[in-house]
Amino acid sequence: METAHRRKRRMDRGVWGYLFVLPFFVVFLIFGLYPILYTLFLSFYKWDGLAPASAVGLQNFARLVTDKTFYLSVFNTFRIWVVNFIPQMLSALLLSAIFTFNKIRGMKFFRAAYYLPNLITAASVGLLFNLFFNGDKSLVNHILVALNIPGAPFSFFNSGAFTSGLVSYIQWWMWFGYTTVIIMAGITAVDTAVYDAALVDGATKWQTYCRITLPLIRPTLIYMTITSIIGGMQLFDVPATLTNTAGDPRKATLTTAMYLYNQGFKSHNYGYAAVISVGLLLIIALLSALAFMAMQRKGGAYDD
Amino acid sequence: MKKFLALLLATAMTLSLAACGAPSSGTSTVSSTAASASSATPEELSGTIEIWSSGEELGRFVEGFNKVYPNVKVNITVVPNADFIAKLTPVLSSGQGVPDIFTGESDYVKYLVESGYWDDLRADPYDVEQYTGDIWDYVTSVGTDTSGAVRALSWQASPGSVMYRRDMAKEVLGTDDPTEVGAMLSSNDAMLDVAAKLKEKGIKMFASWQDIMNMQFSNRKQPWVVDNKLVIDDSMLSFMDMAKKIAENGYDLNVDPWAPEWSAAVESTDTFCYVLPSWGYQFVIKPAADTTKGQWAMCQGPVPYVKGGTWLGIYKDSPNKQLAWAFMKYCCCDSEAQQAYAKEYGEYVSLKSADKALAEGAGEDVLGGQNPFAFYNEQMTKIPSDLMTTYDGQINTAFLSATKAYASGQVSKDEAIKTFKEDVATAYPDLTVE
Amino acid sequence: MMTKSKQYAGKALIYLFLALLLALSIVPFYLVIVNATHSSFDIVTRLNLLPGKSVADNYATMQSHVNIWRGFANSLLIAVPYTAFTGYFGALTAFGFAKYRFRGKKILFALVLFSMMIPAQVGIIGFYQLNLKLHLLNSYLPFILPGIANATAVFFLRGIIAQSIPDSMLEAARLEGCSEIGTFNRIVLPCVMPGVATMCIFNFVASWNNYMGPLIIMSDSKMYTLPVMIAAIKGLYLSNYGAMYLAIAISVVPIIVVYSIFSRYIINGLTAGAEK
Numbered sequence: 053m054e055t056a057h058r059r060k061r062r063m064d065r066g067v068w069g070y071l072f073v074l075p076f077f078v079v080f081l082i083f084g085l086y087p088i089l090y091t092l093f094l095s096f097y098k099w100d101g102l103a104p105a106s107a108v109g110l111q112n113f114a115r116l117v118t119d120k121t122f123y124l125s126v127f128n129t130f131r132i133w134v135v136n137f138i139p140q141m142l143s144a145l146l147l148s149a150i151f152t153f154n155k156i157r158g159m160k161f162f163r164a165a166y167y168l169p170n171l172i173t174a175a176s177v178g179l180l181f182n183l184f185f186n187g188d189k190s191l192v193n194h195i196l197v198a199l200n201i202p203g204a205p206f207s208f209f210n211s212g213a214f215t216s217g218l219v220s221y222i223q224w225w226m227w228f229g230y231t232t233v234i235i236m237a238g239i240t241a242v243d244t245a246v247y248d249a250a251l252v253d254g255a256t257k258w259q260t261y262c263r264i265t266l267p268l269i270r271p272t273l274i275y276m277t278i279t280s281i282i283g284g285m286q287l288f289d290v291p292a293t294l295t296n297t298a299g300d301p302r303k304a305t306l307t308t309a310m311y312l313y314n315q316g317f318k319s320h321n322y323g324y325a326a327v328i329s330v331g332l333l334l335i336i337a338l339l340s341a342l343a344f345m346a347m348q349r350k351g352g353a354y355d356d
Numbered sequence: 013m014k015k016f017l018a019l020l021l022a023t024a025m026t027l028s029l030a031a032c033g034a035p036s037s038g039t040s041t042v043s044s045t046a047a048s049a050s051s052a053t054p055e056e057l058s059g060t061i062e063i064w065s066s067g068e069e070l071g072r073f074v075e076g077f078n079k080v081y082p083n084v085k086v087n088i089t090v091v092p093n094a095d096f097i098a099k100l101t102p103v104l105s106s107g108q109g110v111p112d113i114f115t116g117e118s119d120y121v122k123y124l125v126e127s128g129y130w131d132d133l134r135a136d137p138y139d140v141e142q143y144t145g146d147i148w149d150y151v152t153s154v155g156t157d158t159s160g161a162v163r164a165l166s167w168q169a170s171p172g173s174v175m176y177r178r179d180m181a182k183e184v185l186g187t188d189d190p191t192e193v194g195a196m197l198s199s200n201d202a203m204l205d206v207a208a209k210l211k212e213k214g215i216k217m218f219a220s221w222q223d224i225m226n227m228q229f230s231n232r233k234q235p236w237v238v239d240n241k242l243v244i245d246d247s248m249l250s251f252m253d254m255a256k257k258i259a260e261n262g263y264d265l266n267v268d269p270w271a272p273e274w275s276a277a278v279e280s281t282d283t284f285c286y287v288l289p290s291w292g293y294q295f296v297i298k299p300a301a302d303t304t305k306g307q308w309a310m311c312q313g314p315v316p317y318v319k320g321g322t323w324l325g326i327y328k329d330s331p332n333k334q335l336a337w338a339f340m341k342y343c344c345c346d347s348e349a350q351q352a353y354a355k356e357y358g359e360y361v362s363l364k365s366a367d368k369a370l371a372e373g374a375g376e377d378v379l380g381g382q383n384p385f386a387f388y389n390e391q392m393t394k395i396p397s398d399l400m401t402t403y404d405g406q407i408n409t410a411f412l413s414a415t416k417a418y419a420s421g422q423v424s425k426d427e428a429i430k431t432f433k434e435d436v437a438t439a440y441p442d443l444t445v446e
Numbered sequence: 146m147m148t149k150s151k152q153y154a155g156k157a158l159i160y161l162f163l164a165l166l167l168a169l170s171i172v173p174f175y176l177v178i179v180n181a182t183h184s185s186f187d188i189v190t191r192l193n194l195l196p197g198k199s200v201a202d203n204y205a206t207m208q209s210h211v212n213i214w215r216g217f218a219n220s221l222l223i224a225v226p227y228t229a230f231t232g233y234f235g236a237l238t239a240f241g242f243a244k245y246r247f248r249g250k251k252i253l254f255a256l257v258l259f260s261m262m263i264p265a266q267v268g269i270i271g272f273y274q275l276n277l278k279l280h281l282l283n284s285y286l287p288f289i290l291p292g293i294a295n296a297t298a299v300f301f302l303r304g305i306i307a308q309s310i311p312d313s314m315l316e317a318a319r320l321e322g323c324s325e326i327g328t329f330n331r332i333v334l335p336c337v338m339p340g341v342a343t344m345c346i347f348n349f350v351a352s353w354n355n356y357m358g359p360l361i362i363m364s365d366s367k368m369y370t371l372p373v374m375i376a377a378i379k380g381l382y383l384s385n386y387g388a389m390y391l392a393i394a395i396s397v398v399p400i401i402v403v404y405s406i407f408s409r410y411i412i413n414g415l416t417a418g419a420e421k
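Chains as they are written, first to last, in our numbering: chain D, 53 to 356; chain G, 13 to 446; chain V, 146 to 421.
Possibly wrong hints are sitting among the right ones.
Keeping only pairs whose Cα atoms sit at most 20 Å apart, straight-line, the calculated DMTMM-like set for lysine to aspartate or glutamate is [as the list claims (entries may be wrong)]:
#, chain 1, residue 1, chain 2, residue 2
1, G, Lys430, D, Asp119
2, G, Lys433, D, Asp119
3, D, Lys120, G, Glu446
4, D, Lys318, G, Glu117
5, D, Lys120, G, Glu427
6, G, Lys211, G, Glu260
Derived from the structure by calculation, the hints contain no laboratory data.
With the hints as extra help, turn the sequences into a complete structure.
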């Protein structure tokens with residue numbers, strides 16, 4: 053009798069699993085699915101936004117496969133992301149280590165200050181940094197000239213490397229505080245008895261951090277990496293406002309989202325914009341899968 | 013669960029296909045009362061009209077409009093220009109919630125004009141042909157589609173000029189008289205000569221070489237696209253050379269238009285001129301001129317030109333066409349209204365009679381007594397016809413990028429042109445690009 | 146063992162590093178606030194490091210174009226319910242994924258992730274049409290209801306819940322007669338509050354800064370949220386810089402307030418475990 057009772061319990065609990073996730077999927081099917089399907093279906097059409105759409109089968113896809121600008125934009129976006137992500141992860145891990153293992157006066161204040169850049173809209177940020185660097189008498193050039201740096205004043209936005217690097221810097225600036233908070237939230241979730249045990253055993257703070265904490269917050273790190281890939285590959289706001297959607301200089305900062313926005317809303321070619329979205333979706337899915345597999349380990353939290 | 017998902021997918025599919033494939037719906041309501049209603053008095057007209065505008069100027073007409081039409085309520089929603097098309101597109105294609113009037117900036121006005129979503133103003137209940145005689149030609153021609161239907165008008169015209177500093181002209185060129193200075197700027201080479209002279213005295217001629225692009229567009233003999241083929245007019249190629257010479261020799265401030273330094277140069281001691289259309293005076297020079305009041309003047313450069321502007325039209329399925337036309341008429345065809353507006357805001361307007369009347373008035377302090385309306389009136393008689401196409405938006409962007417790369421020395425001219433052609437082909441794959 | 150001086154040097158280095166990051170973080174903000182107090186002319190012509198005197202003028206200009214407090218209210222009326230939904234339903238859904246076994250779980254979770262990957266630009270047109278058909282145009286609901294299906298929160302909290310809620314705790318609750326939903330509300334949720342608070346801050350900011358959505362869905366400028374108003378203030382010829390910066394500054398303040406409220410729940414480091 054006990055076994056049957058337990059079995060019934062387990063079955064009931066399975067139902068509860070469905071019930072708990074049900075609200076999410078109901079709302080997703082209503083609000084989330086329609087725009088996605090819309091984009092997918094639009095990729096089979098040619099539409100300029102005003103005249104009726106005409107079906108063109110796989111024409112858009114064929115064009116995408118041989119589109120040099122598309123591949124260039126993907127490469128740009130990936131490069132901007134990597135140059136942003138690595139410092140972001142490192143600085144966040146470093147800060148988390150510092151804050152977890154040391155008593156820092158004003159820690160909460162520091163952490164709040166580092167989170168601030170995340171609060172401001174990307175559009176405002178693009179505007180601000182444009183003012184800092186644009187022209188011979190811009191803020192930064194002013195300083196460089198005053199310090200008698202040779203070669204000043206510089207034409208910063210003539211350099212593709214600089215402009216692309218600036219976008220990466222802005223992304224880092226906006227997200228490193230958030231990443232720190234996330235990692236620290238993950239660390240919080242771990243039972244502190246584990247640290248205490250390690251420290252008592254004579255491990256240094258650094259060893260404890262690297263060998264014990266980091267592996268234990270693997271799910272948090274996976275979350276951070278994958279959401280960063282997804283957000284990073286969809287980057288639009290910052291480079292768009294910095295370069296007025298032109299992607300200058302010479303398309304160095306043309307991200308894929310900017311390319312698709314221009315194709316849709318500027319060239320009035322919505323079907324092709326939709327197909328670029330699909331292409332980007334596949335690339336993001338691929339990169340995320342690769343990242344996930346690289347970071348996953350047997351017996352990890354996602355194995356069930 | 014699977015079956016449910018499949019059903020939902022099918023429903024969503026059908027919905028979106030229907031949305032995509034449906035041609036723009038909406039029966040054109042021909043108001044049978046149109047003929048008789050056009051004789052209704054202004055007080056009798058009542059209702060509300062919705063307007064979407066990318067700028068704030070239209071709002072300035074509302075007060076005056078309501079004095080004549082007290083019972084017509086005008087709701088203006090300002091939509092940021094950068095996303096105007098993004099906001100308009102879903103609304104137009106669904107046919108719901110479309111404003112009665114919407115504007116179109118010069119970058120995409122041709123796209124809207126050709127789309128047919130603005131009503132033909134020659135037909136009932138409008139009577140635009142009564143007024144087109146008094147409107148500067150190019151304003152009407154930009155608003156006219158290839159079949160000859162007049163679909164959009166504007167309250168403004170934007171002829172261009174070279175706005176220069178009198179004090180520097182006197183010192184370096186020996187005169188500050190607009191006609192004489194204009195004679196010295198009669199060609200690209202002549203401008204470069206003047207630039208060299210100015211440089212000897214430590215003065216940079218231009219705020220930015222990008223300003224000149226405005227002027228060069230009017231120097232073309234052909235538009236960007238002829239018979240669906242990309243055409244690069246010679247004047248654009250010589251513009252590229254001009255840009256490079258200016259950048260190489262340091263004849264400008266090396267800054268983008270609208271950057272702080274560019275705007276600040278109005279008051280500087282080392283920048284000679286801005287090459288901008290009429291709104292440039294209103295929005296750049298006049299607000300900033302403080303110690304330089306009276307030291308500015310306008311003259312003609314190598315060619316007279318027009319650039320920019322905002323047009324507006326009436327939605328073809330609007331239920332309030334009469335009211336909308338009353339407002340549009342007020343802003344775009346009413347000489348008294350335009351004169352009052354121009355007197356207060358200094359903008360150059362689209363009616364010849366209004367501009368002629370304004371030219372009689374006093375000159376501007378900032379311009380040392382020169383009357384900008386008189387100056388622009390003369391320019392308007394000389395400008396070439398409009399060469400705008402629906403492709404201009406992206407082509408101009410691509411061309412500016414290419415010229416920037418060439419002028420800053422990053423690529424050779426051939427490479428720049430090649431990149432330009434590739435970019436145009438990417439932006440508009442239907443065009444033939446060789 | 147480190148010598149005392151080494152310890153001090155280490156600490157000093159740490160504080161230096163923290164201070165450098167602090168400067169990098171704050172300087173742009175400071176400039177935004179300073180610019181908000183200057184006239185547009187000042188902003189476009191020189192570098193302003195100290196506050197100016199044009200706040201009143203900028204405020205007047207700003208209000209003559211848009212009603213900033215109306216925009217403030219709109220943004221708030223959307224962001225607060227949205228954030229509440231993301232927190233609660235995010236945790237609920239994550240709990241379902243983390244602690245229950247049911248068929249198709251892996252696929253459904255992959256779908257959750259997948260939904261985050263498609264770029265939003267073209268989809269906005271579809272979003273408009275959907276809300277048109279649902280008669281939800283020009284209302285707050287299109288921006289509040291999706292909070293129930295916030296993939297980011299689910300993704301993050303699933304890992305947290307899997308890590309920090311041992312099955313034994315749930316069994317204990319069940320044995321005491323707690324219902325499943327009761328277990329969630331009374332035991333799981335309080336336990337993962339730091340994670341939920343973290344997600345709430347993030348989602349509040351995302352909702353507050355959402356631009357494209359409200360721009361397309363709100364046909365009435367009285368329903369415009371702050372980001373749309375800020376863009377509208379800018380004007381065609383950049384003549385309203387001062388008013389725009391003031392609007393940006395006003396827009397940032399409530400987010401800072403919300404952050405301070407939520408950060409109380411983010412207990413840091415070694416103290417958290419003691420509660421268990």
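Could you work out which of the previously given hints the structure breaks and list their numbers from low to high? none
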